[in-house]
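J.: Following the hints, complete the assembly by docking chain B onto the known chain A.
Number of protein chains: 2
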Amino acid sequence: MTTLNPQIESKVDVLIIGAGPAGLMCANALAHAGVDVRIIDKRAVGVAAGQADGIQPRTIEVLQSYGLAEPLIRIGAHFPRASFWNPGPNGGIIRTQRTPSIFSETARYPQLITRHQGGIEALFHGSMDAKGLHVQRSTIPTAIVLSKDESELKDPKANPVKVTLKRLDLEEDDIEIVHAKFVLGADGAHSWVRNVLGIKLEGDNTDSIWGVLDVYPETNFPDSRNWTFIHSNHGTLMNIPREGDMMRYYIQLSEDPDFVDPKTGRVNKARANPGRLMETAAKIFQPYHLKMLGEPEWWTIYIIGQRVAQKFSVEDRIFIAGDACHTHSPKAGQGMNASMNDSHNIAWKLAYVLRGWADLSLLKTYESERLKFARDLIDFDRKWSKLFTGKPRTEENQDGISHEEFVGAFQTFSGFSSGVGVRYEPSAIVDKKHQSCATKLVIGERMIPHVFVQAADIRAVNIHDAMPSDTRFKVLVFVGNVTVAATLARVRALADKLDAPGSFLHKYGQGDYHKVFDILCVCAASKDEVDFIDVPQMLRPHWSKVLLDDTDMHAREGGGGFAAYGISPEAGAIVIVRPDGYVGMVAPYEHVEDISAYFGSFMVEKSG
Amino acid sequence: MTTLNPQIESKVDVLIIGAGPAGLMCANALAHAGVDVRIIDKRAVGVAAGQADGIQPRTIEVLQSYGLAEPLIRIGAHFPRASFWNPGPNGGIIRTQRTPSIFSETARYPQLITRHQGGIEALFHGSMDAKGLHVQRSTIPTAIVLSKDESELKDPKANPVKVTLKRLDLEEDDIEIVHAKFVLGADGAHSWVRNVLGIKLEGDNTDSIWGVLDVYPETNFPDSRNWTFIHSNHGTLMNIPREGDMMRYYIQLSEDPDFVDPKTGRVNKARANPGRLMETAAKIFQPYHLKMLGEPEWWTIYIIGQRVAQKFSVEDRIFIAGDACHTHSPKAGQGMNASMNDSHNIAWKLAYVLRGWADLSLLKTYESERLKFARDLIDFDRKWSKLFTGKPRTEENQDGISHEEFVGAFQTFSGFSSGVGVRYEPSAIVDKKHQSCATKLVIGERMIPHVFVQAADIRAVNIHDAMPSDTRFKVLVFVGNVTVAATLARVRALADKLDAPGSFLHKYGQGDYHKVFDILCVCAASKDEVDFIDVPQMLRPHWSKVLLDDTDMHAREGGGGFAAYGISPEAGAIVIVRPDGYVGMVAPYEHVEDISAYFGSFMVEKSG
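Chains as they are written, first to last, in this note's numbering: chain A, 291 to 898; chain B, 291 to 898.
Calculated directly from the structure, the hints in this document are not laboratory data.
There could be a bad hint or two in this list.
Here are the in silico distance ranges between beta carbons for each label pair [said to hold, decoys possible]:
(1) B/K676 to A/H832: 36 to 42 Å
(2) A/H469 to B/T590: 37 to 43 Å
(3) A/E395 to B/D666: 44 to 50 Å
(4) B/K559 to A/Q426: 57 to 63 Å
The C-beta atom is built at its ideal place from N, Cα and C for all residues, glycine as well.
Next up, chain A with everything else stripped away, as it sits in the complex (with noise of 0.2 Å):
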């Protein structure tokens, strides 16, 4: 097997580096837009086992647009209730409140747990397959060197990264320089590349000591099924039902002198095991009894750290992902999600670029989008942790954490907690100029899922559905009762505006405006009365692009969709969504311009 090759050179656009979740992501999504790209890893093979991990709303949301979701919604734990347990009289917990486990309403999917981090990664691995695109694996980089000739740096053309990877599995010459056009440094918290590019890490240590584990229960707690928080007189312990009949226990350690060197506070692994964290957890969930029955799946022992990287990127040509740009307390269920959602934000720009469509700068906005989250991200970490690791007031401990403040974080922190309240800072891909044409859709947010029916067949779709992750603009067309002559006069007249020779579609639709912009039409006209065709022919591209806003033939979905956007029926709006799924503007019928100049801070102007 091992042969000695002579060293070979190669060129690639998009070199990925790592084939975890945040590196998988971007690479699957580049391969489904027809971008060069390649991905190493370090390992042999996959995660085959290992932690699960939290599944966040706004991550399925995001996997959808891949169509990568049903699988886990399918498989995955659910636990819509949380609950929450203090102090009883008696010394030992009793039940509090129970509250819905996420308070954003407009969350569409649940959150979810999954066996483990493999099972993720194996969906990619599926859609990359069917691309052609493999990881190739036991394969590392050594050295990373970027042109520092500027009028290279600024050529979209160029391949100023020179990256040498060497075969863990072959001879020590085995060796390949690759020049990339991009990299992407997706390999985790002890990330290569951040270290040789001299990245700091901002941020600490904390002093709190938590035990995790994954077992078979005995018990007669009523609330095991529930994500139930615990705050008892013995530690803190958070209760995460998993598949099947297994749970998962985050038990704190602090609290446990066994576990904790008292001089120096620091953890005792040697001292950690199974049964001992059993034996934690059975004293905090007193007067329910609890026994572990045969092996755990899987425990560990932590100190939560909370960091983020300095930045994410150099000269918007290699940049970090995931994990390498921050850590933090895996009790938040950020985990996975935070680096997924990293890639997913990277990936379109990267190909809009690659593509010519765009100007270098709009890299600029993968940093400033996710380096401001990540920090957002570890201050909400640092106060829920606080919270949580806290201890619980009562008549003896006035200085304890009060239930009522602690279920006020949990709700406040929801939006952040679930994904879908991250909102993007005004910049050149959002402009809140209109947010006043609909004033319950935050420009800068997600683009809110919603139920409408397709005018053609009455058949009932959620607005995300119609609105994939293929790296097209979504162009959503907000129209009020077409079948009103003077609404139908005015939409024809914005139709006739949109397809005008110098409209953002054709300016900068690369000589195929189809390519870049998906255009909906959706209509406050009931079903009824409309039909599809009643739409003018630039506005429905397809018959599954027209929308109403009314439910489906038994009135089980739909309907009040312009009210939930804020958006008036009488005027209408023009919403442009990212290819990332969050909205980067809206506009009035009267100030098509303004999403031109919109197009224009990053676009390359290129017609027909």
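T.: Frame of chain A, contents of chain B only:
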């Protein structure tokens, strides 16, 4: 490849002849039930393409109960709206009305149409693969002999059916003698099994000639994506939307003299071709234009025939199912639906008899239930085809079919054409005595789907998904609000009675009643008040088995289940659902002994 083998003999519990939808449904069910089963087919390969088939809501429910529905729902074309067109004042067609496609309020799924029968068959193949069962292809039966020995016929352990099999791809002498306990002939409309057993078909061909073709049309007809019925002065046409932009047209040809021999009234196939069919269609669509883009995907012409076999069974040892039993017009959308539901009906009965759990007499209910269904189906099809084929009522033709008559029949027949209205008559396994305990759950009809929430985690679940086709009887214990002491006391008394040594669970439990009976407990109690552990232990064999008649955490689904079933929360009820999903009986708490009598009529007593 061709070798001369000595004649071999073998034994099998069930031999299925024919691997179309009927045969595969039975083979898959039996394989998952652990039954010794073989399935043969004369075709060398499965159906790779071919005519599409509509799939009814009830068929999707059945497939879902085997875990097979999701790919179909995703891939199939949906058409929730029906549209009716008639001659207008100017001779062209005008729209008269639009209605839902399905009027059965309890239908859980839409009606849909899939690419081809091969897609359905592939689902079964995948599911059977998991159990190591594969279709033995290029194999035909050449002789079938049923023992005349009464004692052998009455011995469920005997193998009284001798079938000679021959491989079509090997030499003449490569035959095998199979001694089977039971044989299912699912070998299609020209069934060899039916013919060799001398079972006659009753019924005849009509003189109604139709063409059908799948095309990509260019048209300005606004209702293309609806299930559209056109009665024009140029004939009748049914328009069914297919996957993507494809359309299926059923076109009446009897009206077109070019296709019909004026003397015999028979179709002149030689003159038919897709272009000619489209010409006829285009005349019917006037004033809308219609043109075929490219070549048709598929086309044929046919004469409607409606026939039913005299009987479906010989000595309850050899059965026929599917097209071998009944042929009818494709326009009723029955097609393979009736076929799969035939063998879904018999599969669990064969499993029970073969396990020694039920008496051979149970198998009589296959013919009694499915022959009656087939006759009703043919009656329905005759009426429907007549209305469909008839000329529209116009000023000039007062004897024609009025729109009101047609759409009225469409609504009346919806329970039938959706498949959810199928009702089995009283028999050993349908006991209507206590119908008044659950006024809206019709005994003999399929259990009504409804969304409840799991008490343990408040996850919404359709009760259908809690009742998979796993061959177990579902014992649904509807209790009231168990947080009320008096109610709980009554429920505890019931649990004690159910768990008493002489109860039906123990009497017919075959040594471990959980193998035979799946117990679910449905409470009329609020999620905020009740814990799943409040229910007596024997009514919750697993935490997922306690359901609440309440909404989910976001009040999006659930609630109203007791009302939908017509069960009083104060009185409660016990509902016995057969393994095939049909309600077998209902009993009040006070008459648990009637449930014993029900099972006593066909089950074999065997306690632990």
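J.: Should the hint that A/H469 and B/T590 are 37 to 43 Å apart at their CB atoms be regarded as holding?
T.: violated (58 Å)
J.: Verify the CB-CB distance for B/K559 and A/Q426 against the hinted window 57 to 63 Å.
T.: holds (58 Å)
J.: Using the Cβ atoms, figure out if A/E395 sits within 44 to 50 Å of B/D666.
T.: holds (48 Å)
J.: CB of B/K676 to CB of A/H832, is that within 36 to 42 Å?
T.: holds (38 Å)
Hint 2 from the list above is the single one not met by this structure.
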